[in-house]
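4 protein chains.
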Amino acid sequence: MAEMFREHVQTFIDEQVVGREQELDAPDEIPHAIYDAFRAKNLANWWIPRAYGGHGLSLEESVDVVIDLAYADAGLAFAFFLPILSSTPIQLYGTESQRRTYLTEMARSGTFGATMASERVAGSELIRLGTVAEKVDGGFRLNGEKFFSTNAALADYFIVYGAMSGDSARFAAFVVPGNSEGVEILRRWPTVGVRAAGTYEIALRGCSADPPLPGNGLRILEVGLNASRTLMAASAVGIGRRIRDVCLDYARGKEVKGKQLLENDVFGAKIGQMQAELETMASLCRVAARDFDEVMRRPDAPEAFLHIGSLKSVLVAKMMCGQLGGRIAGVGAEALGGLGYTEESVLGKLVRDMRYVAIVEAGEDVLRDLLYVRHTLPAFLGGRR
Amino acid sequence: MAEMFREHVQTFIDEQVVGREQELDAPDEIPHAIYDAFRAKNLANWWIPRAYGGHGLSLEESVDVVIDLAYADAGLAFAFFLPILSSTPIQLYGTESQRRTYLTEMARSGTFGATMASERVAGSELIRLGTVAEKVDGGFRLNGEKFFSTNAALADYFIVYGAMSGDSARFAAFVVPGNSEGVEILRRWPTVGVRAAGTYEIALRGCSADPPLPGNGLRILEVGLNASRTLMAASAVGIGRRIRDVCLDYARGKEVKGKQLLENDVFGAKIGQMQAELETMASLCRVAARDFDEVMRRPDAPEAFLHIGSLKSVLVAKMMCGQLGGRIAGVGAEALGGLGYTEESVLGKLVRDMRYVAIVEAGEDVLRDLLYVRHTLPAFLGGRR
Amino acid sequence: MAEMFREHVQTFIDEQVVGREQELDAPDEIPHAIYDAFRAKNLANWWIPRAYGGHGLSLEESVDVVIDLAYADAGLAFAFFLPILSSTPIQLYGTESQRRTYLTEMARSGTFGATMASERVAGSELIRLGTVAEKVDGGFRLNGEKFFSTNAALADYFIVYGAMSGDSARFAAFVVPGNSEGVEILRRWPTVGVRAAGTYEIALRGCSADPPLPGNGLRILEVGLNASRTLMAASAVGIGRRIRDVCLDYARGKEVKGKQLLENDVFGAKIGQMQAELETMASLCRVAARDFDEVMRRPDAPEAFLHIGSLKSVLVAKMMCGQLGGRIAGVGAEALGGLGYTEESVLGKLVRDMRYVAIVEAGEDVLRDLLYVRHTLPAFLGGRR
Amino acid sequence: MAEMFREHVQTFIDEQVVGREQELDAPDEIPHAIYDAFRAKNLANWWIPRAYGGHGLSLEESVDVVIDLAYADAGLAFAFFLPILSSTPIQLYGTESQRRTYLTEMARSGTFGATMASERVAGSELIRLGTVAEKVDGGFRLNGEKFFSTNAALADYFIVYGAMSGDSARFAAFVVPGNSEGVEILRRWPTVGVRAAGTYEIALRGCSADPPLPGNGLRILEVGLNASRTLMAASAVGIGRRIRDVCLDYARGKEVKGKQLLENDVFGAKIGQMQAELETMASLCRVAARDFDEVMRRPDAPEAFLHIGSLKSVLVAKMMCGQLGGRIAGVGAEALGGLGYTEESVLGKLVRDMRYVAIVEAGEDVLRDLLYVRHTLPAFLGGRR
Ligand SMILES: Cc1cc2nc3c(=O)[nH]c(=O)nc-3n(C[C@H](O)[C@H](O)[C@H](O)COP(=O)(O)OP(=O)(O)OC[C@H]3O[C@@H](n4cnc5c(N)ncnc54)[C@H](O)[C@@H]3O)c2cc1C
Ligand SMILES: Cc1cc2nc3c(=O)[nH]c(=O)nc-3n(C[C@H](O)[C@H](O)[C@H](O)COP(=O)(O)OP(=O)(O)OC[C@H]3O[C@@H](n4cnc5c(N)ncnc54)[C@H](O)[C@@H]3O)c2cc1C
Ligand SMILES: Cc1cc2nc3c(=O)[nH]c(=O)nc-3n(C[C@H](O)[C@H](O)[C@H](O)COP(=O)(O)OP(=O)(O)OC[C@H]3O[C@@H](n4cnc5c(N)ncnc54)[C@H](O)[C@@H]3O)c2cc1C
Ligand SMILES: Cc1cc2nc3c(=O)[nH]c(=O)nc-3n(C[C@H](O)[C@H](O)[C@H](O)COP(=O)(O)OP(=O)(O)OC[C@H]3O[C@@H](n4cnc5c(N)ncnc54)[C@H](O)[C@@H]3O)c2cc1C
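Chains as they are written, first to last, in this note's numbering: chain A, 1 to 385; chain B, 1 to 385; chain C, 1 to 385; chain D, 1 to 385.
Any given hint could be a false lead.
No distinction is drawn between identical chains; accordingly, a pair holds when it is met within one copy or between any pair of copies.
[To be verified] Below, a list of computed lysine to aspartate or glutamate pairs in the EDC-like style, where the Cα atoms sit at most 20 Å apart:
no.	residue 1	residue 2
1	K41	E15
2	K259	D14
3	K312	E125
4	K254	E125
5	K135	E181
6	K312	D210
7	K254	D369
8	K41	E3
9	K135	E145
10	K254	D156
Honestly, the hints are just simulated from the structure, not real lab data.
If we strip away everything but chain A, and leave its shape as in the complex, we get (with noise of 0.2 Å):
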């Protein structure tokens, strides 16, 4: 099944993304066709459970569609997974009528959730939310203003992270439609990378919203999180994958030395270590996000999700993924001499695409900071290793 569905995206890959990086690349519009080839070919959002008409791939087993789809382009990568930080509060915390709505819609027609986190001074420290909800008859009202929302523009439903009115200090998740009045989307952002995907600086303005899910909010944001950096690092491995094969590509043609650069022991060694930081990397992954469907296969998944909110195996995935593919891209990038350093190669593309890993859902300091402080620390004052 889940190799069905490999092999599907594959072929999605060869027929739609092969040999339009440079396009894929530019600053310009979203690649609406791409978009359109995915979802009318049935395959966006292939995490959602067979329940609502998905595919139901574990997050295993999305650990490799991310690979691939990375592998050929991680914007489009990315912007086909990060509904999962969105459907997973909804498929977990919400009302089996919003889980009808949103997740069948999702399966069905390969709508978007979009996730409005962070904000310009609450970045990684959430607890600084300015987005305010106030209760209002029928439901509630939400105000503020979000930094970054990737696939915003497009959305079905948003889930919206705010504080209370009134208890700047509780926070929940709002599930708002997409098509909610007050939803203002201010400008997508040029980004360094990743382009292929939009994200965009949003304002709220007394947009109207359900009661939130039940829970709270940065507890709910840190359980979807499990997922999506999980599948961020993998797209770190796609993308470190093809670095490594643009590397050996060029290798292939070029002589130093007297024979091909293949042959050459300095770049075997550069390539090798290159090999060990992949294979870690894909394993980190797969280690994390078998951590993760362990919990979601539990009978008590969502109570025992906002007990343990981050997993200690997905931060280790996501800071190790960050690290690890920046070290790739920072060869790499040396690696095809002044060609390298000219657009003619995809290799420029690639070391950009490879920085969001380390950046977005939260960077190496914010990282190991919360393994510190959760896992770290508990741990040795409580006598465990």
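Mind docking chains B, C and D with the ligands on chain A? Use the hints.
What follows is chains B, C and D with the ligands alone, placed relative to chain A:
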């Protein structure tokens, strides 16, 4: 089962090892009493299959055992897991009589097997082995010098790797009983770390051997190395966790900038990074061990393994644990300030112990080369990723 | 004198460059107006000796000029210092008439000299040059293709490196007037960074040249590279300081854990490390420049330099500035969080600009090899340290 | 002059040190005979000004002396240069009588001065010093415990740093004669490396002292540290060069892939990188030393230095030499394969010796902090680069 076994090991550690690190670091005598206690408690050679009276722990389960042992003392861990490098060839390629003789005894009384592969000029490049096996009446006769062999002075049997007389490109693995004439221990090496293990230089002067194990000797060695390299990598996890905990312990009692060092953000970042690396290392060991166990469970394990040789995931685990372990040691070495530069702290020992992981059973140059030549290049040239 | 010159450059920067980074990063046109302003202010080619009407700044003084220029825009810095790679061979090995013609004009009106060394298959390995010089009546005729030549479209003259027809192991340096027939600009390269400089692919179709500069061509190239590599290394200092200041500026306005990011210890550690690296880089540039200046002051400078070839300190400066610059860029790239991943910040450009230092005029593999083979090995074998 | 002095030192090394590394690494006795030889040859304390009968070498010249000494044995180098940390305060802030007494004797008979700054809880944070100076009739009385003091057991005098009784925020530097009552050597530290030097734990039980040197004690300490940190950084160059040469020596006799390891490209790349780092380290030491010498030559050196405190270039040299030295040690540690993990090779000692550079007289966390807070931040906030 494995859990219970781990508990017994932990009891052994608590009773016999904890607090004796300094003593175990002394370059003099091997700590025979501790060895004997380990054997007396029926803990030795825990991976020997139940069919031969052993505990039959899988390599994946062994990973945890080794982490625990190495946390306490890496030298003991090394001495205790290394016989797997000798027993695996017998288990896979020995005659039923050899299995009965050696494996049963290993399980019953905790005897050691020792491996004699590397020579002065043939460490990583075993195709340069100078040990030669001559066919004589009723078997073979071996001559050569072996530079390093751990546990050799204690061993019940040796696996000796050498070239066939007259055909220096045909290598074979010979089983030699421990009390054979002509096996001469030249000296015990004063090693930089893992000093609770004994490593010896050996001369083989016409000692007799049975016919060799069937199959290419160097491949047989690689098969055994899959097991011991994985456990060596695991020992880096144990040493690394110990380093982390030594740092945390120190930081609990140290004040910097008006608060516990434990609460200093720069310190937290350092340990958070360590934690991510430790988790990565443990995951890589588990992945490698699972790959090994999977092949071992196949009915055609012996042939399959001769065909596979070095498992990719094992090379990756060994190499990355060597590198990340080295980083952890480097950071740990400075974390206690001046105190960490005195023998009053166990840190100096831990840092020296850690170094063995990146050296023994192949350093990173060799592993990178293997990864590139055996795995990356063929996949690339074959059109796979 | 040098101080005053630096002030003039700073005025030029303030008036012409500051605030136009985005524009200077555009891949389209070279910013001719800025080039003209630089020349009009009599700033171009500041190193031309006073004897030829120039400012006569030493290489050590030039280091500071380039740091300042690169702080503002690395592309401009590159375009403006690179003519030193062409003027140095003329200054040292040209006829007095060539010196009068070219150096005087460079000083007077700020003309460019461009270097044509690397070819598609002969980048680092110039012994593989395919450009051939044929002796004809009244001089030489050159044929070949040159992969990269910066400033070529603007140049008053070129230094072309090629093999002597009939002796592919004899290389020479030819001075070719800029308006020569047979020099065809094939295209401008779309480069990843330093976009205010123009780099071109060139065909030489039988263009005529004077007799070559006396001496081994590849050695003459190395002599010139001593100057330009040092200044390229210096440009990394400028870019790096800019990255540091962009980080500090951001940190002034960002709050983390209840205080300015500027006062966060983890941030401070990151910038403290950057500072140490920036100081190191600047010191290495100065040391290299001083070595160069010292040889240049010798009465036998031309012969001395042909004998020395690549100065050790220059190789070190170029290589370490490439590596440390890359680290600074890597850290900087993540320091602004999500904002740093948008084109709204100049960071993306700075990171791309920095990469050229580690690629152009030899990457680290080549430089390490040179250091080892030319300096370490001979010293070791000769019994020196 | 300096050249001749270096030659004498080299003769001393050849006669007294070479070949005795193992012995000098023994944790037992200080090698008094070698110390005596050094003094007998009139080599000790080579930086004492000629006005006091010394050789008057500048710090820049001293850098080379220390590199040579540390190449032979880092412990001796450390023991021999560290008195500069005690003599510098006397030279700059002592009374003429103190100078006559101590400096003249240091020059004449090679006596030691020892510094007592760090305490168990006040290593990097000297504002937490617990040693207290009480004013009594005819001078001061000191009480406290000093955790580390090198050369203390041999010293002719001590510089003791402590707080003024009744004002724990006022620190001063006291000169205490070596034979004072109340100075008790508690023990010699068993150190991880630099074992030819003796470092001691000390108790001060009411020992008497003259009035303190004029000026803030902690600043006076920083002034002295400028000299000793520079030389400590220089010792890393010596150790590093030795490591490189041990690797090269080994590689001469080792064959890999059919040729000398010396000609293996991967090995060459490793050593080429080392070489670049070693050159960098040496340059940083020279730059720092020159900065120091320049201030020392000023007529207002004492005040100027109290105002400057820690020189930026010294912090950079110390920190980068610690880091790069650590990298060189890490690479060297693996370069001899298994042999490098035995005490038969001097590598283990060199690796342990190197570690002291990154620990003693402040680790990288402290140095980074100083750089950021003292240099980067003020420059940034003041609008300078
Ligand atoms: C392409 C793109 C797509 C995005 N899509 C979405 C989306 O769909 N929905 C959404 O909600 N958001 C989205 N984001 C926002 C993204 O998740 C944040 O930018 C990211 O988490 C980093 O947060 P930040 O920008 O606030 O930077 P911060 O994490 O605040 O970092 C800024 C600086 O502060 C430092 N810092 C922060 N915390 C610490 C600490 N504890 N210790 C030391 N230093 C610290 C960092 O190291 C860094 O130097 C997107 C961003 C991008 C670039
Ligand atoms: C404590 C200890 C216990 C041991 N126990 C045993 C044992 O029980 N049985 C046994 O048989 N052996 C044992 N050994 C030997 C050990 O496995 C080898 O030392 C190890 O594999 C390294 O091999 P080597 O020493 O020959 O060094 P090499 O691997 O040959 O390395 C020497 C140098 O050559 C370089 N080099 C080698 N190959 C390449 C390449 N392809 N490209 C570039 N550079 C290269 C290395 O980087 C290094 O600089 C033990 C060793 C130790 C230290
Ligand atoms: C913006 C720009 C401006 C330029 N301007 C000029 C100019 O004005 N004039 C001019 O002549 N040239 C110019 N160049 C060319 C530039 O100098 C070369 O691109 C550069 O020296 C690298 O050479 P290369 O491209 O041939 O790559 P190479 O150096 O050949 O590198 C290609 C690959 O081979 C590997 N490799 C090469 N040698 C070794 C080795 N010994 N061991 C191991 N691996 C090795 C490298 O690591 C890399 O992976 C310019 C280039 C650029 C990008
Ligand atoms: C062989 C030897 C010889 C010595 N000789 C002398 C001597 O002659 N005279 C003398 O006075 N002293 C001497 N010392 C002491 C030496 O100078 C100190 O040990 C050294 O400066 C480190 O200080 P510390 O031990 O207090 O550790 P600290 O510097 O306090 O470090 C301990 C831990 O705290 C952390 N830490 C400290 N400050 C910060 C910060 N700002 N931010 C983040 N983390 C921080 C460190 O990173 C480390 O993890 C000697 C020490 C040795 C080992």
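Hint by hint, here is what the structure shows:
1. Taking the shortest alpha-carbon separations for K41 and E15, only the intra-copy value of 12 Å comes in at or below 20 Å, while the best inter-copy value is 56 Å.
2. Proximity of K259 and D14 under a CA criterion of 20 Å is satisfied in neither setting, with 33 Å inside one chain copy and 46 Å between copies.
3. Taking the shortest alpha-carbon separations for K312 and E125, only the intra-copy value of 19 Å comes in at or below 20 Å, while the best inter-copy value is 34 Å.
4. Taking the shortest Cα distances, K254 and E125 sit within 20 Å of each other only across copies (11 Å), while inside one copy they are farther apart (48 Å).
5. Taking the shortest alpha-carbon separations for K135 and E181, only the intra-copy value of 17 Å comes in at or below 20 Å, while the best inter-copy value is 78 Å.
6. In this assembly of identical chains, K312 and D210 lie within 20 Å of each other by CA distance neither inside one copy nor across copies; the values are 32 Å within and 52 Å between.
7. Proximity of K254 to D369 under the C-alpha cut-off of 20 Å is restricted to the inter-copy arrangement: shortest distance 18 Å between copies versus 44 Å within a copy.
8. Taking the closest pair of Cα atoms, K41 and E3 come within 20 Å of each other only inside a single copy of the chain (16 Å); across copies the shortest separation is 48 Å, beyond that limit.
9. Proximity of K135 and E145 under a CA criterion of 20 Å is satisfied intra-copy only: 18 Å inside one chain copy versus 64 Å between copies.
10. Proximity of K254 to D156 under the C-alpha cut-off of 20 Å is found in neither arrangement, the shortest distances being 49 Å within a copy and 33 Å between copies.
Hint compliance for this structure: hints 2, 6 and 10 are broken, all remaining hints hold.
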